[in-house]
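2 protein chains.
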Amino acid sequence: MSVTVVGSIAFDSLETPFGKRERVLGGAATHFSLSASFFTKVRAVGVVGGDFTEKEWEVFKRHNINTDDVEIVPDGKTFFWRGRYDYDMNVAHTLETQLNVFEHFQPKLSQESKKSRLLFLANILPTLQKKVREQCPNAEFVAMDTMNFWISSMKEDVIETMKTVDCMIINDAEARQLAEEPNIHKAARKLMNIGNLKALVIKRGEYGAILFTKDSFFACPAYPLESVFDPTGAGDTFAGGFMGYLASQKEINEDAMRRAMIYGSVMASFNVEKFGTERIDELEYHEINQRFREFKRMTHFDDIPFERTTTV
Amino acid sequence: MSVTVVGSIAFDSLETPFGKRERVLGGAATHFSLSASFFTKVRAVGVVGGDFTEKEWEVFKRHNINTDDVEIVPDGKTFFWRGRYDYDMNVAHTLETQLNVFEHFQPKLSQESKKSRLLFLANILPTLQKKVREQCPNAEFVAMDTMNFWISSMKEDVIETMKTVDCMIINDAEARQLAEEPNIHKAARKLMNIGNLKALVIKRGEYGAILFTKDSFFACPAYPLESVFDPTGAGDTFAGGFMGYLASQKEINEDAMRRAMIYGSVMASFNVEKFGTERIDELEYHEINQRFREFKRMTHFDDIPFERTTTV
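Each protein sequence line maps, in turn, to chains H and D. If you want the numbering used here, it's the position in the first sequence, counting the first as 1, plus 50. If you want the numbering used here, it's the position in the second sequence, counting the first as 1, plus 50.
Any given hint might turn out to be false.
The list treats identical chains as interchangeable, and a pair is accepted whether it falls inside one copy or across any two copies.
Derived DSS-like pairs (lysine-lysine); straight-line CA-CA distance at most 30 Å [claimed, not checked]:
#1 LYS264 / LYS158
#2 LYS236 / LYS346
#3 LYS165 / LYS180
#4 LYS213 / LYS111
#5 LYS213 / LYS70
#6 LYS300 / LYS165
#7 LYS300 / LYS105
#8 LYS213 / LYS105
#9 LYS240 / LYS324
#10 LYS264 / LYS105
#11 LYS105 / LYS346
#12 LYS346 / LYS158
#13 LYS248 / LYS127
#14 LYS127 / LYS300
#15 LYS111 / LYS240
#16 LYS70 / LYS165
#17 LYS264 / LYS70
#18 LYS346 / LYS300
#19 LYS248 / LYS346
#20 LYS70 / LYS181
#21 LYS346 / LYS264
#22 LYS324 / LYS300
#23 LYS127 / LYS346
#24 LYS236 / LYS324
Note that these hints are calculated values from the structure, not bench results.
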């Protein structure tokens, strides 16, 4: 089985307190695909320009990511983003955005991509997300991301798309903004009801991530990192680990989703250790399960209720 | 065995988006004592004025909190604080502070209070905390709180006191400020080394709390609350649950501290459900363990590592 992702493929120029990189491979679909590829077969849908080189394709090939549905516009240029992070790594300062070929992106899904068991709609125009979702009526589990820009400028479209998916994977501030509710638990309930979602995943950066399902709440911390080199793509890498792991499981139920939250957090924690896709590109399997076990250790406590009689 | 706490006893006038209360019982030592009293014997050390009435003493008595070391200044007035919270419940706006009898507070510990197995130095002048600590050379486990005001104005004193305790229980922003380090994990390592602490607890409000020990890291989420009525005293209530639970345990080791983190979080989650001490005052034992079990449920995931061969 496999997961199909639709989203941006980009060149990023990045500057953080730890260094700089010029025109490295980036984009939501890229980060998602690489992360998910450790767990399942991935089909990426996107668009690139004639400036996309063999070096970039090699990254996808190395991880067996199917790129048949990545359109190439030979006389166009690939989406480009230049950003800077200061010491508060939670805030990306956009210095330059060139949409280029992405401006007129119309996702074209092959029959194969439409048949994927899971579908992830990365952060693109909500009306486009909806069109893609409608092309995959048989997908068992569909998740979407979005961003503050769409919530501010076309909230109704975001909500209409939300009504067609099973799961939303968004940031803390975006959840509050979309629900118009400062309390995150009230906001989550509101979004679950509007969307009739099976699951809502809220990403909270250094504070971890939380999962809401119809009857349950699950909290997962972030991995304790003393240095975050570059947070670019952390959210999409999380989503890739989450969806990729789910695609590997026979049944997409609460237990599988909880483990998927941990695998998402594991993958995101690796992603930020180096620039762009560098760390995930070189990642080895044994590192993933090693960190999964560390998550178990750092959240474990013995289930021994307090008894007044045992008081010393 | 018991825990001794030294800190403020106060009247608070509170205003939140959910309502108002005039001159209700408050103060760090009060919130701590009430919370700890569910787990162990508590001795409170503080000072009040002649305006402290039977109604307030009754709250302490109801919970078997020993107040022999609470000094009464008959012609003085009890410490008074007036504060307001807006929708961002993380930020308290101080409208009025009258130190009153607290201004010249010189903690006097009886032999009994000096003999407690555990000691908590709530947020008072760091030099006073140190004097109290020195009066209890045989305490097995001593913890301190502090606040941004002392860190800004007398950082050296805070550090000198920190060097004499086993554990520090502070807020996220205070930890970063004290360590002069924005990354919380680097900040924690720095503070552990400066202080030679056995444990460092960092409280993160709605994001939960984290525990650093010499060799380990533990993360605990906050209880999912749709309404926070009044966050006043949540930190001291956490500390009371943490220290009170530890006092009830034969051995103060890593496992006990992890459960203490959960009990601290449990107690804090009750505290904010009503104004001031109202909720903890009426709390029943079975509610505590019920919520403890909910913490287990909301952090549990099966320890099943990913295997490539099991991919469907």
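A quick look at each hint next to the structure:
In this assembly of identical chains, LYS264 and LYS158 lie within 30 Å of each other by CA distance neither inside one copy nor across copies; the values are 33 Å within and 54 Å between. In this homomeric assembly, LYS236 and LYS346 come within 30 Å of each other (Cα to Cα) both inside a single copy, at 28 Å, and across copies, at 22 Å. Only within a single protomer do LYS165 and LYS180 lie at most 30 Å apart by alpha-carbon distance; the minimum there is 16 Å, versus 68 Å between protomers. Taking the shortest alpha-carbon separations for LYS213 and LYS111, neither the intra-copy value of 34 Å nor the inter-copy value of 55 Å comes in at or below 30 Å.
In the homo-oligomer, the alpha carbons of LYS213 and LYS70 never lie at most 30 Å apart, since the shortest distance is 40 Å inside one protomer and 40 Å across protomers. Taking the shortest alpha-carbon separations for LYS300 and LYS165, only the intra-copy value of 16 Å comes in at or below 30 Å, while the best inter-copy value is 59 Å. Taking the shortest Cα distances, LYS300 and LYS105 never come within 30 Å of each other, neither inside one copy (35 Å) nor across copies (61 Å). In the homo-oligomer, the alpha carbons of LYS213 and LYS105 never lie at most 30 Å apart, since the shortest distance is 39 Å inside one protomer and 54 Å across protomers.
In this assembly of identical chains, the alpha carbons of LYS240 and LYS324 lie at most 30 Å apart only when taken from different copies (23 Å versus 37 Å within one copy). In the homo-oligomer, the alpha carbons of LYS264 and LYS105 never lie at most 30 Å apart, since the shortest distance is 44 Å inside one protomer and 44 Å across protomers. Proximity of LYS105 to LYS346 under the C-alpha cut-off of 30 Å is found in neither arrangement, the shortest distances being 37 Å within a copy and 47 Å between copies. With identical chains, the CA atoms of LYS346 and LYS158 are never at most 30 Å apart, being 41 Å at best within one copy and 45 Å at best between copies.
In this homomeric assembly, LYS248 and LYS127 never come within 30 Å of each other (Cα to Cα): the closest approach is 38 Å inside a single copy and 56 Å across copies. For the homomeric pair LYS127 and LYS300, neither the shortest alpha-carbon distance inside one copy (40 Å) nor that between copies (68 Å) is at most 30 Å. In this homomeric assembly, LYS111 and LYS240 never come within 30 Å of each other (Cα to Cα): the closest approach is 41 Å inside a single copy and 43 Å across copies. When the C-alpha separation of LYS70 and LYS165 is checked against a cutoff of 30 Å, the pair qualifies neither within a copy, at 40 Å, nor between copies, at 58 Å.
In this homomeric assembly, LYS264 and LYS70 never come within 30 Å of each other (Cα to Cα): the closest approach is 43 Å inside a single copy and 34 Å across copies. In this assembly of identical chains, LYS346 and LYS300 lie within 30 Å of each other by CA distance both inside one copy and across copies; the values are 22 Å within and 26 Å between. Within a single copy, LYS248 and LYS346 get their C-alpha atoms as close as 25 Å, and across copies as close as 22 Å, so both meet the 30 Å cut-off. Proximity of LYS70 and LYS181 under a CA criterion of 30 Å is satisfied in neither setting, with 37 Å inside one chain copy and 50 Å between copies.
When the C-alpha separation of LYS346 and LYS264 is checked against a cutoff of 30 Å, the pair qualifies both within a copy, at 24 Å, and between copies, at 18 Å. Proximity of LYS324 and LYS300 under a CA criterion of 30 Å is satisfied in neither setting, with 33 Å inside one chain copy and 45 Å between copies. For the identical chains of this complex, LYS127 and LYS346 are neighbours neither inside a copy (44 Å) nor across copies (51 Å), given an alpha-carbon limit of 30 Å. Only between protomers do LYS236 and LYS324 lie at most 30 Å apart by alpha-carbon distance; the minimum there is 18 Å, versus 36 Å within a single protomer.
In the structure shown, a violation is registered for the earlier hints numbered 1, 4, 5, 7, 8, 10, 11, 12, 13, 14, 15, 16, 17, 20, 22, 23, in ascending order.
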